[in-house]
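Engineer: Chain by chain, the residues run as shown.
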Amino acid sequence: MSTKTPSNLASNAFVDSTPLPADIPKVDEVGATSAPLKSASFFIGAYCKDYNDDFMLCKNENNDPKHCLKEGRKVTRCAIDLITKLRENCGKEFEAHWQCLENNNQELYKCRQPERGLNTCVFEKLGLKKNIPGA
Amino acid sequence: MPVPFEALLPFGIITGMFFASASGFQAVKYYSNDKKFHRYNLDKWELQMMERDRRLTGSLRGQSDNAVAPTEFATNSVWYLETPRDKGQY
Numbered sequence: 001m002s003t004k005t006p007s008n009l010a011s012n013a014f015v016d017s018t019p020l021p022a023d024i025p026k027v028d029e030v031g032a033t034s035a036p037l038k039s040a041s042f043f044i045g046a047y048c049k050d051y052n053d054d055f056m057l058c059k060n061e062n063n064d065p066k067h068c069l070k071e072g073r074k075v076t077r078c079a080i081d082l083i084t085k086l087r088e089n090c091g092k093e094f095e096a097h098w099q100c101l102e103n104n105n106q107e108l109y110k111c112r113q114p115e116r117g118l119n120t121c122v123f124e125k126l127g128l129k130k131n132i133p134g135a
Numbered sequence: 136m137p138v139p140f141e142a143l144l145p146f147g148i149i150t151g152m153f154f155a156s157a158s159g160f161q162a163v164k165y166y167s168n169d170k171k172f173h174r175y176n177l178d179k180w181e182l183q184m185m186e187r188d189r190r191l192t193g194s195l196r197g198q199s200d201n202a203v204a205p206t207e208f209a210t211n212s213v214w215y216l217e218t219p220r221d222k223g224q225y
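Chains as they are written, first to last, in my numbering: chain A, 1 to 135; chain B, 136 to 225.
These are calculated hints, taken from the structure and not from any lab test.
In this text, a Cβ means the ideal position worked out from N, Cα and C, and glycines have one as well.
Be careful, since some hints might not be right.
[As the list claims (entries may be wrong)] DSS-like cross-link-like pairs, simulated, lysine-lysine; straight-line CA separation at most 27 Å:
no. : chain 1 : residue 1 : chain 2 : residue 2
1   : A       : K59       : A       : K125
2   : B       : K179      : A       : K110
3   : A       : K110      : B       : K164
4   : A       : K59       : A       : K49
5   : A       : K59       : A       : K74
6   : A       : K59       : B       : K170
7   : A       : K49       : A       : K4
8   : B       : K179      : A       : K92
9   : A       : K129      : B       : K164
10  : A       : K110      : B       : K171
11  : A       : K49       : A       : K92
12  : B       : K171      : A       : K49
13  : A       : K70       : A       : K125
14  : A       : K92       : A       : K66
15  : B       : K164      : A       : K49
16  : A       : K130      : B       : K170
17  : A       : K125      : A       : K92
18  : A       : K66       : A       : K129
19  : B       : K170      : A       : K110
20  : A       : K92       : B       : K171
21  : A       : K130      : A       : K59
22  : A       : K4        : A       : K26
23  : A       : K74       : A       : K38
24  : A       : K38       : B       : K170
25  : A       : K38       : A       : K4
26  : A       : K74       : A       : K49
27  : A       : K66       : B       : K179
28  : B       : K179      : A       : K38
[Unchecked claim] Residues of chain A clear of chain B, computed beta-carbon distances all greater than 10 Å:
no. : residue
29  : Y51
30  : E71
31  : R87
32  : L128
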């Protein structure tokens, strides 16, 4: 039965700690975890639309990781920029919304009230609207 | 004749056992999730995001809203390995 089917999984995992080659420009990674990213997702879509579209089209041409490194760096920098701005301008509403998401299985429909506060704050201070594509 | 409460005691004990085991399960789920509610209906995307959270903060439910990741994050991704397969499987 299941004890007899061969399994090819090894018990150890491999972590490759060699850094990227020195000729690739160094860009810091986005440090936000899943709940803040989900909270800021529509604003990242509005603020970084051009860079994101560039990256997606580039990936469409060729899915090799080496092909789209430059567009990827731009996307990362834009996301870091937006998260810094969100924290400076609307820090309290942002924190309230993603804490609410974290307590509710990260489902957006359960956290509409903090989301309303965040949307008004972001629209006043940063001019970004939440735009649901296709609606 | 009044209701014999002694006969209902076993039912009370059985119900109490249900409550005790359910509370025990809820407590285990709560404390193993960093004192947050357990997440459900997780698809592959959410599991991958939780693994990313573990690489960023050290725990599957840890959250942080730093803009910039710690330097270890760039190289601490995990690859799950396989042993060589039998030739007969091809």
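Engineer: Against this structure, judge whether each hint is valid.
Structural biologist: Now for the hints, and whether the structure bears them out:
| no. | hint | result |
| --- | --- | --- |
| 1 | A:K59 <-> A:K125 | violated, 33 Å |
| 2 | B:K179 <-> A:K110 | holds, 21 Å |
| 3 | A:K110 <-> B:K164 | holds, 21 Å |
| 4 | A:K59 <-> A:K49 | holds, 15 Å |
| 5 | A:K59 <-> A:K74 | holds, 14 Å |
| 6 | A:K59 <-> B:K170 | violated, 40 Å |
| 7 | A:K49 <-> A:K4 | violated, 52 Å |
| 8 | B:K179 <-> A:K92 | violated, 31 Å |
| 9 | A:K129 <-> B:K164 | violated, 38 Å |
| 10 | A:K110 <-> B:K171 | holds, 16 Å |
| 11 | A:K49 <-> A:K92 | holds, 25 Å |
| 12 | B:K171 <-> A:K49 | violated, 34 Å |
| 13 | A:K70 <-> A:K125 | violated, 30 Å |
| 14 | A:K92 <-> A:K66 | violated, 39 Å |
| 15 | B:K164 <-> A:K49 | violated, 39 Å |
| 16 | A:K130 <-> B:K170 | violated, 31 Å |
| 17 | A:K125 <-> A:K92 | holds, 13 Å |
| 18 | A:K66 <-> A:K129 | violated, 33 Å |
| 19 | B:K170 <-> A:K110 | holds, 19 Å |
| 20 | A:K92 <-> B:K171 | holds, 20 Å |
| 21 | A:K130 <-> A:K59 | holds, 25 Å |
| 22 | A:K4 <-> A:K26 | violated, 48 Å |
| 23 | A:K74 <-> A:K38 | holds, 20 Å |
| 24 | A:K38 <-> B:K170 | holds, 21 Å |
| 25 | A:K38 <-> A:K4 | violated, 43 Å |
| 26 | A:K74 <-> A:K49 | holds, 11 Å |
| 27 | A:K66 <-> B:K179 | holds, 25 Å |
| 28 | B:K179 <-> A:K38 | holds, 16 Å |
| 29 | Y51 | holds, 16 Å |
| 30 | E71 | holds, 18 Å |
| 31 | R87 | violated, 7 Å |
| 32 | L128 | holds, 16 Å |
Violation of the numbered hints given earlier is confined to hints 1, 6, 7, 8, 9, 12, 13, 14, 15, 16, 18, 22, 25, 31; the remaining hints are satisfied by the structure.
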